[in-house]
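Student: Protein chains in written order, with the numbering used here: chain A, 1 to 588; chain H, 1 to 130.
Because the hints were derived from the structure by calculation, they are not lab data.
Please note: incorrect hints may appear among the correct ones.
DSS-like, lysine-lysine: derived pairs with alpha carbons at most 27 angstroms apart [unchecked claim]:
(1) A:Lys171 / H:Lys57
(2) A:Lys100 / H:Lys65
(3) A:Lys139 / H:Lys77
(4) H:Lys57 / H:Lys99
(5) A:Lys305 / A:Lys254
(6) H:Lys65 / H:Lys99
(7) A:Lys173 / H:Lys65
(8) A:Lys173 / A:Lys254
(9) A:Lys305 / A:Lys171
Pairwise CB distance ranges (calculated) [said to hold, decoys possible]:
(10) H:Asp119 / A:Ala151: 39 to 45 angstroms
(11) A:Gln187 / H:Asp119: 49 to 55 angstroms
(12) A:Phe66 / H:Ala54: 27 to 33 angstroms
(13) H:Asp119 / A:Ala87: 55 to 61 angstroms
(14) A:Thr64 / H:Gly66: 53 to 59 angstroms
(15) H:Asp119 / A:Pro154: 14 to 20 angstroms
(16) A:Ala87 / H:Leu35: 22 to 28 angstroms
(17) A:Ala151 / H:Gln50: 30 to 36 angstroms
(18) H:Thr62 / A:Thr64: 37 to 43 angstroms
(19) H:Leu35 / A:Trp169: 35 to 41 angstroms
(20) A:Lys173 / H:Lys65: 51 to 57 angstroms
(21) H:Arg69 / A:Arg185: 45 to 51 angstroms
Far from chain A, by Cβ distances over 10 angstroms, these chain H residues were calculated [as the list claims (entries may be wrong)]:
(22) Arg39
(23) Tyr41
(24) Thr62
(25) Leu64
(26) Ile70
(27) Val72
(28) Arg102
All values reported here derive from a predicted model rather than from experimental measurement.
Heads up, the beta-carbon is just placed ideally off N, CA and C, and yes, glycines get one too.
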Amino acid sequence: MTLKNHLSVPATPGPRLPKCPTGIQGLDEITGGGLPLGRPTLVCGGAGCGKTLLAAEFLVRGATQFGEPGVLMAFEETEAELKANVASLGFDLAGLVRRKQIVIDYVHIERSEVQESGEYDLEGLFVRLNYAIDSIRAKRVVLDTLEALFAGLPNEAILRSELRRLFRWLKEKGVTAVITAERGREQLTRHGLEEYVSDCVILLDHRVNDQIATRHLRVVKYRGALHGTNEFPFLIGDNGISVLPITSLGLNHKISSERIATGIPRLDAMLGGRGFFRGSSILLTGTPGTGKTIVSANFAQAACKRGERVLFFSFEESPNQIVRNMHSIGLRLEPLVKRNRLRFHSARPSLYGLEMHLATMFKEIVAFQPHVVIVDPITSLMDAGTDSESKGMVTRLIDYLKAGQVTSLFTSLTQGGHALQQSEMAMSSLMDSWLLLQDFEGNGERNRVLYVLKARGMAHSNQIREFLISDRGIDLVDAYIGPSGVLTGSARVAQGDLEKAAVLASQQEAAQLKREVERKRTALERKISGLRSEYETEALELRRIAEQVGTRTFVLGTERAASGRLRQADAKVAGGARGKSRIGRKNP
Amino acid sequence: MNAKPIRKPAVIPALKRSRQARDRAPVVPRRPDKLWQLRLYVTGQTLRSQTAFANLKQICETHLKGRYRITVIDLLKHPQLAQGDQILAVPTVVRRLPKPVRIIFGNLSDAGRVLVGLDLRAEVAPNPTS
């Protein structure tokens, strides 16, 4: 009661409550900047939910990031144990103690070892705490777990009054304190410590849903400040605690109007000719075996070819399996992996809880700094949590990626039947573009088709395209749309063949006609040349005869002259010439 | 249960004294061969500290006359000493010697509990001679 009165008076001197940043990923976002400065905060929770680690991280980050030394008063674990425990989170507690940035004071009390006789108070504890704080000018104090005193001290009445005094004293001292306590059955803490610490109460919880254990954090109370009241999943990873969400609550990320190709030219053409927007989120839904991974791999390869980095989260196949399978369609991914353009991260969805997956993904993304992130498939990841959890997770992931202008491609496996309507409606509203891959059944075969269901901010085709996978990659072809509906596969091929046959027939007819004409022309030419050779033969004959006649006339003339000379007759030239000509005329 | 002293009796006069003491009173100082070192931790000269000191002194005078030494430590002056003896409550008496270390809280107003705490009297079984 005194505490509450004490508090209500100086609560609002300034417009905002001064806060003490914890440095714990996500916690400062939820609490709007950190724990109340100079006041005690109660962290309560059951066994194994991370109270001590949260408190220890508060101190370590205070010392390393904010230059605020801290005191850790441990009632349960010894100094050596604490150092070893937080070392697993990558915190060098021992080094901080050596450099006098943190003081650890292990308070040991064992009921069987002490006797009490008469009245006493816990001034010794105050003295120790005060000495530890003053020795390094500590700004932060952790009391872990104060409730061990209830087991160690026989007189609870004294303890309670002393605890009340302790919290008031901590406030007067001006240190920001974190007090851990066990979760009680009907109240927040087993021994009702929340009665004394009323400024800020954080509840940690570790529960199992569908065999998957998830840690949750909730700010039950934060006097004088707005805070997120939801239960937030958190996890304990290699570098401490991270509370999700890590991302902003508003929708105000920068956007890009740059377009990136999908690796499938026809698909680019369907999306206004230039592909997706950079930094947009793309959903690729499809029934089993419709080629979701192939489209993803194509997208990845196209990005790698542009010199970008691609992070491929695979929850179904191992990296080697993807590489091998893509090889069968002519996609060679291993050089890209070798050149560190493409990185795979494979994990079984049931390996751990949803938030652990998310945190692992965040960590990978931060480490690799990709331009494109592919999650294949997001649906098997969603099985790791409940519906609302998984939606929240996808929202966080998309928010986070968009804030970093990372293009994200999520494949989503839908069950058979009507894939379109069954697709995660909740999830699709988060996506900027939505491609649907579908089986088309008919004529005793299944064919793949692709639609663009939605593409925010760009003109896109409303056409159905048949999606062909061959050993040379993938291609989109127009499906045949005729009087009998949409034809795909061999029906489309058959229809094409029919059309081809008709064309062929008319071509053949024309060719035949041409051949006929040709033949007639050659016949004509042959006839002409025959006539010409006949004419030439006759003309030759004529010339020969004419020459023959000339020769004979000459020979006759000379013979007559010779015989006349023999008979000494006078020359009758003309008569001989006449007789010769008679012979000549008879001859031909 | 009255456990026998484990170690051999070293100094005979002391033993003799202890036997006399046993005959005289039901309270038996055990391990009488050692000097008892007691520390009384207090914070300042409060009434409670003074009461505690007076009570302790009285008990020691009764049962450990001449064989004890009380060191009073004021934690306000020497706060660094609190951690070593795991001081939590004030006032606290710590029996440094003989071993093992024994701790008693409070102003020591209940002498019987102090005797049990200091292991001057067996905790469970009442002494048959009483």
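Student: Hints first: check each against the structure and report whether it holds.
Tutor: Evaluation of the provided hints:
1. A:Lys171 / H:Lys57: violated (38 angstroms)
2. A:Lys100 / H:Lys65: Judged against 27 angstroms, a Cα distance of about 46 angstroms means the pair is violated.
3. A:Lys139 / H:Lys77: holds (23 angstroms)
4. H:Lys57 / H:Lys99: It holds: about 20 angstroms lies between the C-alpha atoms, which stays within 27 angstroms.
5. A:Lys305 / A:Lys254: Holds, at roughly 25 angstroms.
6. H:Lys65 / H:Lys99: holds (19 angstroms)
7. A:Lys173 / H:Lys65: Violated: Lys173 (chain A) and Lys65 (chain H) sit about 45 angstroms apart, past 27 angstroms.
8. A:Lys173 / A:Lys254: violated (45 angstroms)
9. A:Lys305 / A:Lys171: It is violated: about 60 angstroms lies between the C-alpha atoms, which goes past 27 angstroms.
10. H:Asp119 / A:Ala151: 39 to 45 angstroms: violated (23 angstroms)
11. A:Gln187 / H:Asp119: 49 to 55 angstroms: This hint is violated: roughly 40 angstroms between Cβ atoms.
12. A:Phe66 / H:Ala54: 27 to 33 angstroms: 49 angstroms Cβ-Cβ, so the 27 to 33 angstroms window is violated.
13. H:Asp119 / A:Ala87: 55 to 61 angstroms: 40 angstroms Cβ-Cβ, so the 55 to 61 angstroms window is violated.
14. A:Thr64 / H:Gly66: 53 to 59 angstroms: Check passed, 57 angstroms falls within 53 to 59 angstroms.
15. H:Asp119 / A:Pro154: 14 to 20 angstroms: Hint holds: Cβ distance 18 angstroms, inside 14 to 20 angstroms.
16. A:Ala87 / H:Leu35: 22 to 28 angstroms: Because 44 angstroms falls outside the window, the suggested range is violated.
17. A:Ala151 / H:Gln50: 30 to 36 angstroms: Between Ala151 (chain A) and Gln50 (chain H), where Cβ atoms are some 31 angstroms apart, the hint holds.
18. H:Thr62 / A:Thr64: 37 to 43 angstroms: violated (57 angstroms)
19. H:Leu35 / A:Trp169: 35 to 41 angstroms: Check passed, 39 angstroms falls within 35 to 41 angstroms.
20. A:Lys173 / H:Lys65: 51 to 57 angstroms: At roughly 45 angstroms between Cβ atoms, Lys65 (chain H) and Lys173 (chain A) fall outside 51 to 57 angstroms, so the hint is violated.
21. H:Arg69 / A:Arg185: 45 to 51 angstroms: holds (49 angstroms)
22. Arg39: holds (12 angstroms)
23. Tyr41: Given a closest Cβ separation of 7 angstroms, the condition is violated.
24. Thr62: holds (15 angstroms)
25. Leu64: holds (17 angstroms)
26. Ile70: holds (16 angstroms)
27. Val72: holds (14 angstroms)
28. Arg102: Check fails; 8 angstroms does not lie beyond 10 angstroms.
In summary, the structure is inconsistent with hints 1, 2, 7, 8, 9, 10, 11, 12, 13, 16, 18, 20, 23, 28 from the numbered list given earlier, while agreeing with the others.
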